[in-house]
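My request is simple: use the sequences and hints to build the entire structure.
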Amino acid sequence: MKVQYQPKSPFLLSTFLIIFIIHANQVGIGIHGFQRVIFLEAKQDAWISVLIAGFATHIVVFVMIKTLQLYGSTDIYGIQHEVYGKWLGKVFSSLYILYCLWVFLIILKNYIEVLQTWVFPTVPVWLFSFSILLLVIYGVTGGIRMIVGVGFFSIILSLWMFGFIGYPLRFADYDHLLPVMESNFVSILKGAHKMSLTTVGFEILYVIYPYMEKKDKVQKYAQIGIAATTMLYLILMLVALIYFSPGQLESTIWPTLSLFKIVRLPFIERTEYVAVTFWLLIILPNLMLYMWAAVRGIRRTFGLKTIRVLLVFTTCIFVMSLFINTRLKINRFNDIFASVAFYFIFCYPFVLYAFALLKQKIKAYKEKKK
Amino acid sequence: MFFKKKLLSPIKDSQPKNQDPIPETREKMSSEFKARLQNSADILENEIGSSGITIFSIGTLIDKTMFHQDIIDPIKDLSFNSIQTVMEHLSVGEIEKSNQMEMVVKSALDGNVIIYLEGETSVLLAKIPSRVGRSLTFAENESHVIGPQIAFNESLMTNISLIRNYIKDSDLCVEDFVIGSRTNKSGAILYMSGIASEQMVNTLRQRIDEIKIDGILDSSVLMQLIEDKSLSIFPLMSLTERPDKVCDLLLKGKLAVLFDGSSLAIICPHTFMEFFYAMEDSNVNWQIGTFYRLLRLIALFFSVFLTATYVACITFHYEVIPQTLLLTLSESRARVPFPPIIEALLLEFFLELLREAGARLPTKVGQTMGIVGGIVIGTAAVDAGFTSNILIIIIALAALGSFVTPSYSMGNVIRVLRFPLIILAGFWGLYGIMYGFCFLLLHLLRQSSLGSPYLSPFYPPRFADWKDSIIRLPLSFTYKRPDLTRTGNENKYDPKKAKEKNDLK
Numbered sequence: 020m021k022v023q024y025q026p027k028s029p030f031l032l033s034t035f036l037i038i039f040i041i042h043a044n045q046v047g048i049g050i051h052g053f054q055r056v057i058f059l060e061a062k063q064d065a066w067i068s069v070l071i072a073g074f075a076t077h078i079v080v081f082v083m084i085k086t087l088q089l090y091g092s093t094d095i096y097g098i099q100h101e102v103y104g105k106w107l108g109k110v111f112s113s114l115y116i117l118y119c120l121w122v123f124l125i126i127l128k129n130y131i132e133v134l135q136t137w138v139f140p141t142v143p144v145w146l147f148s149f150s151i152l153l154l155v156i157y158g159v160t161g162g163i164r165m166i167v168g169v170g171f172f173s174i175i176l177s178l179w180m181f182g183f184i185g186y187p188l189r190f191a192d193y194d195h196l197l198p199v200m201e202s203n204f205v206s207i208l209k210g211a212h213k214m215s216l217t218t219v220g221f222e223i224l225y226v227i228y229p230y231m232e233k234k235d236k237v238q239k240y241a242q243i244g245i246a247a248t249t250m251l252y253l254i255l256m257l258v259a260l261i262y263f264s265p266g267q268l269e270s271t272i273w274p275t276l277s278l279f280k281i282v283r284l285p286f287i288e289r290t291e292y293v294a295v296t297f298w299l300l301i302i303l304p305n306l307m308l309y310m311w312a313a314v315r316g317i318r319r320t321f322g323l324k325t326i327r328v329l330l331v332f333t334t335c336i337f338v339m340s341l342f343i344n345t346r347l348k349i350n351r352f353n354d355i356f357a358s359v360a361f362y363f364i365f366c367y368p369f370v371l372y373a374f375a376l377l378k379q380k381i382k383a384y385k386e387k388k389k
Numbered sequence: 041m042f043f044k045k046k047l048l049s050p051i052k053d054s055q056p057k058n059q060d061p062i063p064e065t066r067e068k069m070s071s072e073f074k075a076r077l078q079n080s081a082d083i084l085e086n087e088i089g090s091s092g093i094t095i096f097s098i099g100t101l102i103d104k105t106m107f108h109q110d111i112i113d114p115i116k117d118l119s120f121n122s123i124q125t126v127m128e129h130l131s132v133g134e135i136e137k138s139n140q141m142e143m144v145v146k147s148a149l150d151g152n153v154i155i156y157l158e159g160e161t162s163v164l165l166a167k168i169p170s171r172v173g174r175s176l177t178f179a180e181n182e183s184h185v186i187g188p189q190i191a192f193n194e195s196l197m198t199n200i201s202l203i204r205n206y207i208k209d210s211d212l213c214v215e216d217f218v219i220g221s222r223t224n225k226s227g228a229i230l231y232m233s234g235i236a237s238e239q240m241v242n243t244l245r246q247r248i249d250e251i252k253i254d255g256i257l258d259s260s261v262l263m264q265l266i267e268d269k270s271l272s273i274f275p276l277m278s279l280t281e282r283p284d285k286v287c288d289l290l291l292k293g294k295l296a297v298l299f300d301g302s303s304l305a306i307i308c309p310h311t312f313m314e315f316f317y318a319m320e321d322s323n324v325n326w327q328i329g330t331f332y333r334l335l336r337l338i339a340l341f342f343s344v345f346l347t348a349t350y351v352a353c354i355t356f357h358y359e360v361i362p363q364t365l366l367l368t369l370s371e372s373r374a375r376v377p378f379p380p381i382i383e384a385l386l387l388e389f390f391l392e393l394l395r396e397a398g399a400r401l402p403t404k405v406g407q408t409m410g411i412v413g414g415i416v417i418g419t420a421a422v423d424a425g426f427t428s429n430i431l432i433i434i435i436a437l438a439a440l441g442s443f444v445t446p447s448y449s450m451g452n453v454i455r456v457l458r459f460p461l462i463i464l465a466g467f468w469g470l471y472g473i474m475y476g477f478c479f480l481l482l483h484l485l486r487q488s489s490l491g492s493p494y495l496s497p498f499y500p501p502r503f504a505d506w507k508d509s510i511i512r513l514p515l516s517f518t519y520k521r522p523d524l525t526r527t528g529n530e531n532k533y534d535p536k537k538a539k540e541k542n543d544l545k
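Chains as they are written, first to last, in the numbering used here: chain Z, 20 to 389; chain L, 41 to 545.
Please note that the accuracy of each hint is not assured.
The calculated label-pair distances, taken between Cβ atoms and stated as ranges, are [claimed, not checked]:
| no. | chain 1 | residue 1 | chain 2 | residue 2 | range |
| --- | --- | --- | --- | --- | --- |
| 1 | L | 534 | Z | 190 | 29 to 37 Å |
| 2 | Z | 177 | L | 448 | 44 to 52 Å |
| 3 | L | 223 | Z | 327 | 53 to 61 Å |
| 4 | Z | 281 | L | 398 | 43 to 51 Å |
| 5 | L | 397 | Z | 347 | 30 to 38 Å |
| 6 | Z | 135 | L | 254 | 51 to 59 Å |
| 7 | Z | 135 | L | 393 | 34 to 42 Å |
Away from chain L, derived, C-beta distances all over 12 Å, residues of chain Z [what the hints assert, rightly or not]:
| no. | residue |
| --- | --- |
| 8 | 22 |
| 9 | 173 |
| 10 | 373 |
Derived by calculation from the structure, the hints in this document are not laboratory data. In this text, a Cβ means the ideal position worked out from N, Cα and C, and glycines have one as well.
Here is the structure:
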């Protein structure tokens with residue numbers, strides 16, 4: 020396996036598209052209900068937790084891109100191969116692939132749960148997961164340019180939802196935010212820690228990096244993408260805090276969706292029905308990007324045919340989606356994931372960067388000796 | 041491409057080149073010529089008096105007046121000893137010499153007369169084809185109020201000359217090709233050298249060369265053979281009958297294919313959005329042009345999604361409908377015995393029947409169709425409790441929406457797309473519609489037209505081209521050629537000078 024990977028020029032993507040990739044991949048299913056989870060920890064200072072989590076994300080992304088830049092045009096599979104050697108590298112790459120599939124399953128399951136709760140209580144799980152997986156297969160076989168296209172359109176086409184934010188603001192009670200900094204710093208940090216399930220998504224950088232046209236501009240655009248997501252989360256957090264009373268927020272599982280409830284247009288009511296179904300377009304790029312990253316990893320590490328791997332993965336996901344079927348199981352599944360994701364996404368990049376630096380230093384030292 | 045090749049495996053194997061010489065005596069030549077053309081009744085054989093010359097031709101393919109004036113008259117009283125001297129007496133522009141029988145027969149089929157002198161090893165081929173066809177008429181299928189009214193006809197020469205009359209530039213390239221092992225029809229690729237991308241011209245040329253088929257009768261069939269993927273429902277190249285549109289797109293760096301016997305030009309590469317532009321958008325003020333384009337885009341969404349949304353909301357999500365509207369809806373649906381999906385499919389089917397019948401019937405009877413349809417749909421169906429009033433309004437809106445699309449082939453696609461969406465909506469409600477929408481988005485993103493992305497300029501995003509997409513900004517803003525065509529020559533004109541006005545003071 021080669022460490023470097025340079026895609027042919029027709030497959031390269033304009034660098035500014037990384038804004039859309041990161042934003043589209045971060046915003047997904049977590050945005051439905053992150054307010055409550057953080058509120059439980061940090062109370063009315065939850066918005067500070069969001070800011071802290073956003074700030075941490077900026078740093079992690081900075082380190083990630085630094086790591087990638089050490090090797091020029093490569094992805095995480097190449098770096099791990101180089102840093103850990105042939106066998107250990109394969110183990111770590113497999114872990115990364117498993118992680119991608121896990122996120123995939125989490126997104127799929129949570130979305131189906133929302134669909135069943137809000138719109139179709141009687142439609143069975145397998146029908147939803149089967150239909151969505153078909154779309155994912157069709158999309159992933161189209162290649163990375165197409166997947167990014169879906170991400171681009173999912174952002175552009177869902178901008179209208181943002182216009183509805185004015186409705187809850189009419190019933191806003193700004194006193195809910197006061198007093199500021201009442202919770203102690205530890206619980207605010209705990210809240211930020213809980214954000215990890217919502218903020219993950221930027222790690223797609225590790226895989227998509229070689230496809231960017233101008234590698235030196237990636238840092239700038241990636242940070243813009245992260246900032247956009249943090250802004251969005253901050254606004255949604257603040258709106259939820261001032262619209263819901265503390266007691267209400269504690270018992271509302273999906274505050275963002277509940278915000279849609281009061282939107283009333285002359286020709287449409289109960290916009291959350293539209294929003295929940297429209298969310299398919301928002302999670303579709305997430306699903307496709309993660310599936311693509313996993314399939315890509317298998318191709319890079321083990322050199323297997325893409326289409327077969329894709330079919331095997333989707334079949335596995337389909338079977339697994341049938342077993343995680345109650346609210347409790349999903350919750351447990353989410354919690355385990357959140358804690359693993361925290362270490363894998365927020366801590367591991369620093370370790371990898373340190374190892375990569377060390378490895379390069381040793382290499383340079385050896386060459387000097389020669 | 042794999043699919044295409046399999047489909048179009050050569051039907052008539054190209055025979056080894058026949059090197060048969062011209063027979064030396066008149067009788068042999070005559071029988072050989074007739075035998076090769078299967079003794080057709082329209083073969084002419086004229087012996088010209090004392091000159092020793094015999095002229096062979098297919099009588100139905102040549103211009104009789106020219107035949108008498110320019111070929112028989114000058115030579116009938118003379119006598120010749122070599123074929124070269126005959127040539128000097130003829131007043132026809134296109135004369136060739138040939139000594140192969142195969143070539144002789146081929147050119148006879150192309151409107152040539154064969155001038156044969158006994159004892160010579162070569163013959164003269166003089167081209168005097170008869171012009172069968174109609175004169176130029178109004179553009180009836182893509183009519184515009186403002187703008188030139190002329191349309192192509194079926195003659196390749198006339199069509200090329202129409203374009204040459206619009207673009208009087210030495211850079212306009214006309215490359216010809218012949219297609220069909222039996223029909224042997226000629227066509228031409230047109231492009232502006234220096235503006236169009238070399239690579240695209242090569243791709244198009246190669247695709248046309250690779251076609252092995254016995255006959256193509258219209259450019260619409262040719263288009264299906266040279267499209268990027270033949271399995272998509274969407275047209276990936278455009279057909280037009282308007283020479284001004286062809287010229288406008290040629291100047292933007294696109295390629296056009298004209299085909300003899302077809303009044304439609306193929307334009308490629310073409311994007312999805314461009315099917316919703318009309319030439320009239322640029323002929324009117326930019327505000328009006330923008331309004332038209334927005335109107336068409338809204339019509340597109342109505343046309344594809346409105347009926348499906350009705351079905352979804354009535355079947356599953358009546359909470360979404362505001363109370364006042366719900367009252368009217370349930371009142372009008374109270375007597376309808378079918379579930380919404382059946383009701384909608386029935387009416388859509390009925391409307392499609394009307395449209396198809398109107399298109400196939402002669403014009404005089406076609407008007408009756410409108411009246412019958414109007415009465416049956418408008419009152420009888422509702423009175424009978426067959427459908428609800430509101431659905432009729434929605435279906436009519438959707439139908440109108442599909443008819444405002446300037447391109448007929450895209451309008452067809454829009455009409456067909458409604459049916460799967462209605463079915464999806466009937467099964468899965470709003471989720472079904474969204475599912476269909478996502479599938480369409482993925483599908484459109486996968487398509488390409490002559491190798492360029494189909495959803496350009498939206499994806500890959502080319503913000504400069506957005507100025508002439510959903511909206512149309514004034515001409516002084518749109519000084520660049522579209523990025524899609526990968527043109528070598530970007531600017532249409534100097535953007536700085538465009539805004540100056542040098543009036544007399």
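TODO: Please test the hint of 29 to 37 Å on the beta carbon pair from residue 534 of chain L and residue 190 of chain Z.
DONE: 56 Å, violated
Task: Least C-beta distance between residue 22 of chain Z and chain L, which was stated to exceed 12 Å - done: Consistent with the label, residue 22 of chain Z stays out of reach of chain L, its closest Cβ about 29 Å off (over 12 Å).
Open item on the list: Please check whether residue 135 of chain Z and residue 393 of chain L have a Cβ separation lying inside 34 to 42 Å.
Closed with: With a Cβ separation near 40 Å, residue 135 of chain Z and residue 393 of chain L satisfy 34 to 42 Å, so the hint holds.
- [ ] Could you check the hint for me, namely that residue 135 of chain Z and residue 254 of chain L are 51 to 59 Å apart, CB to CB?
- [x] 57 Å, holds
Open item on the list: So residue 173 of chain Z supposedly isn't at the interface. Is its beta-carbon more than 12 Å from every beta-carbon in chain L?
Closed with: 9 Å, violated
- [ ] Starting from the hint 44 to 52 Å, judge whether the C-beta atoms of residue 177 of chain Z and residue 448 of chain L obey it.
- [x] 33 Å, violated
TODO: Find the nearest Cβ of chain L to the Cβ of residue 373 of chain Z and say whether that gap is larger than 12 Å.
DONE: 37 Å, holds
TODO: Hint says 30 to 38 Å; check whether the CB-CB distance for residue 397 of chain L and residue 347 of chain Z agrees.
DONE: Given range 30 to 38 Å: violated, Cβ gap about 60 Å.
Open item on the list: Taking the Cβ atom of residue 281 of chain Z and the Cβ atom of residue 398 of chain L, is their distance within the range 43 to 51 Å?
Closed with: 48 Å, holds
Open item on the list: The hint says 53 to 61 Å between residue 223 of chain L and residue 327 of chain Z; measuring C-beta to C-beta, is that right?
Closed with: 44 Å, violated
Checked against the numbered hints listed earlier, the structure breaks hints 1, 2, 3, 5 and 9; every other hint is satisfied.
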